[in-house]
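> These protein sequences, in sequence, are chains A and B.
So the mapping is simple: this note's numbering equals the position in the first sequence, first residue as 1, plus 6.
So the mapping is simple: this note's numbering equals the position in the second sequence, first residue as 1, plus 63.
It is possible that part of the hints are untrue.
Stated by the list, open to error - With a straight-line Cα cutoff of 16 Å, these simulated EDC-like cross-link-like pairs (lysine to aspartate or glutamate) come out:
| hint | chain 1 | residue 1 | chain 2 | residue 2 |
| --- | --- | --- | --- | --- |
| 1 | B | K102 | A | D54 |
| 2 | B | K94 | A | D54 |
| 3 | B | K104 | A | D54 |
| 4 | B | K90 | A | E248 |
| 5 | B | K129 | B | E219 |
FYI, nobody ran anything at the bench for these hints, they're computed from the structure.
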Amino acid sequence: MESLQYLSPTTQFVLFSALKILVVFGVVMTGVAYAVLVERKVSAWIQDRVGPNRTSPFFVDYIPVIGPFLVRLGIFQPMADGLKFMLKEDFTPNYVRKVYFWLAPAITVVPALMTVAVIPFGSTLGSEKMVIADLNVGILYTFGIVSLGVYGIVLAGYASNSKYPFLGGIRSSAQMISYEIAMGLSVVPIFLLSESLNLGDIVKYQADHGWMILKQPVAFVIFLIAAFAETNRLPFDLPESETELVGGYHTEYSSMKFALFFLGEYANMIASSAMMVTLFCGGWTLPGTLLSTPSASFLVGLLHIGVFLAKMAVFMVVFIWVRWMLPRFRYDQLMDIGWRRFIPVALANILLTAVVVAL
Amino acid sequence: MSTKVVDRSPLTFYERTYLPAILGGLKVTAKHFADTVFKGKSVTMQYPEERWVVPEGYRGAPYLVKDQDGATKCVSCQLCEFVCPPKAIRITPPGAEGQPADRRNAEKMPKEFEINMLRCIFCGMCQEVCPEEAIFLQKDYSLTGESRTEMVFNKEKLLKLGGTHAGIQKWKHKLEEAEAQETFPVQTR
Numbered sequence: 007m008e009s010l011q012y013l014s015p016t017t018q019f020v021l022f023s024a025l026k027i028l029v030v031f032g033v034v035m036t037g038v039a040y041a042v043l044v045e046r047k048v049s050a051w052i053q054d055r056v057g058p059n060r061t062s063p064f065f066v067d068y069i070p071v072i073g074p075f076l077v078r079l080g081i082f083q084p085m086a087d088g089l090k091f092m093l094k095e096d097f098t099p100n101y102v103r104k105v106y107f108w109l110a111p112a113i114t115v116v117p118a119l120m121t122v123a124v125i126p127f128g129s130t131l132g133s134e135k136m137v138i139a140d141l142n143v144g145i146l147y148t149f150g151i152v153s154l155g156v157y158g159i160v161l162a163g164y165a166s167n168s169k170y171p172f173l174g175g176i177r178s179s180a181q182m183i184s185y186e187i188a189m190g191l192s193v194v195p196i197f198l199l200s201e202s203l204n205l206g207d208i209v210k211y212q213a214d215h216g217w218m219i220l221k222q223p224v225a226f227v228i229f230l231i232a233a234f235a236e237t238n239r240l241p242f243d244l245p246e247s248e249t250e251l252v253g254g255y256h257t258e259y260s261s262m263k264f265a266l267f268f269l270g271e272y273a274n275m276i277a278s279s280a281m282m283v284t285l286f287c288g289g290w291t292l293p294g295t296l297l298s299t300p301s302a303s304f305l306v307g308l309l310h311i312g313v314f315l316a317k318m319a320v321f322m323v324v325f326i327w328v329r330w331m332l333p334r335f336r337y338d339q340l341m342d343i344g345w346r347r348f349i350p351v352a353l354a355n356i357l358l359t360a361v362v363v364a365l
Numbered sequence: 064m065s066t067k068v069v070d071r072s073p074l075t076f077y078e079r080t081y082l083p084a085i086l087g088g089l090k091v092t093a094k095h096f097a098d099t100v101f102k103g104k105s106v107t108m109q110y111p112e113e114r115w116v117v118p119e120g121y122r123g124a125p126y127l128v129k130d131q132d133g134a135t136k137c138v139s140c141q142l143c144e145f146v147c148p149p150k151a152i153r154i155t156p157p158g159a160e161g162q163p164a165d166r167r168n169a170e171k172m173p174k175e176f177e178i179n180m181l182r183c184i185f186c187g188m189c190q191e192v193c194p195e196e197a198i199f200l201q202k203d204y205s206l207t208g209e210s211r212t213e214m215v216f217n218k219e220k221l222l223k224l225g226g227t228h229a230g231i232q233k234w235k236h237k238l239e240e241a242e243a244q245e246t247f248p249v250q251t252r
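All chains, please: the whole structure from these sequences, using the hints.
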């Protein structure tokens, strides 16, 4: 730590940023892998099944007592899943538009991962702020980036040159124009209240004045539902809809390229959960305890990150739970709910908040 | 004909908010979740370790059976070979100079009896056609092997898997009667 003092501020910034990016990337990737496991387990439990309970690598024998229990929980399943994806044949059908076909998975994943950059996932560790990019327009950046993911899906639908992916792609674009505006409008009252677009400031505001979810429940509900549409999760998984479109946009994909779409979906879930925690549920703070203010202590810094991750996990479980609960919306129903319900309600909410703030 | 008029009254405002559907969904899924996790009420079976009870009369793999004395029942008539729809059975008869049957009142037994379990469709025609009740569809349904040749079951293997079938003792009394013929006057039981 001593030697760091002699580095120039720029070098320090680059060094710490790179470190944070690496760690956050690692955490998100692990999160994705285990979100898939949780998805499989929860879906199994809801459907009276057992779920993955077989994968046991050789070293399980050396873990006493809890080893078999971990196997039953399927803790090692993500490793096997990852390995499987790498070993599978990466098949490119003859009739696809190759360049776009290769580009589409990347366009889906990259925005999903980029969103995480502005999320303040902790207060401070030492003197370092626990956010990769502390942008003053954080939320605008997020909204700008996050809708790019849809292009990956539309492109995949177009590039596959096959009817089901094509329908999936069309649906995806139809879906995007239904929820995107409502989603954008729903968060405006938050900025009216917090008077800042910086996500760190929003967390600070919530630490001082109470969580946004209590002040803006309407905005939260709209944002939550739009987030389901955003992440292509049931009840709004129109582009994928396995039951009607085979696999939707990723029908023609296999192996690692398919895995990238999968990864994109779950990374999107993580990003949306993180967004909701930051905007509505007080980010890394925990009211009524010491944990609500930034602290110089390393341990408290870690605890803040833990609080953030725990809150995020709750939202992830909600995402997964809802999937096994509701049937899919038709896309005209989604448009109807987006344009004729949410946009007026969101606008009214903005107006009301503005009046209250002005008074 | 009675006509049933289905009630299609428009949804109330509360119903149109999707709330009752969502709450109902939450309730159902939460209940199933809790039942599976805390009460262990899952409907699945851990297959290779747990197996279902094979019911009586189940048509599994056909095996050859032995009679009450442990002798081969099959007399190598080859009816099953001819009737077998997928041609899974191949019988090599003993021939004129072959080994005699190991039960006393049969003329011959097969030199080799092979069933290709990869071809067998478990239809039960062989069991139906067999005049000696020597072949039965039994309860095995999951046959595995590492090669195609391994899946061709020979006579020895089929007899071992088939076990003894002493239920129908077709020739037992005939044999006794035939032996009684040796001494005159005939003594019936």
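> Look at each hint and say if it fits the structure.
Now the hints, each set against the structure:
1. Proximity of K102/B to D54/A is assessed by CA-CA distance (about 11 Å); at most 16 Å being required, the pair is judged to hold.
2. In summary, the hint linking K94/B to D54/A is supported, as the alpha carbons are separated by about 10 Å, within the 16 Å threshold.
3. For a cut-off of 16 Å, the pair hint linking K104/B to D54/A stands: about 7 Å separates their Cα positions.
4. Taken as a hint, the K90/B and E248/A pair is broken in the structure, with Cα atoms around 25 Å apart against an allowance of 16 Å.
5. A C-alpha spacing of about 11 Å is found between K129/B and E219/B, which places the hinted pair at or below 16 Å, so the restraint holds.
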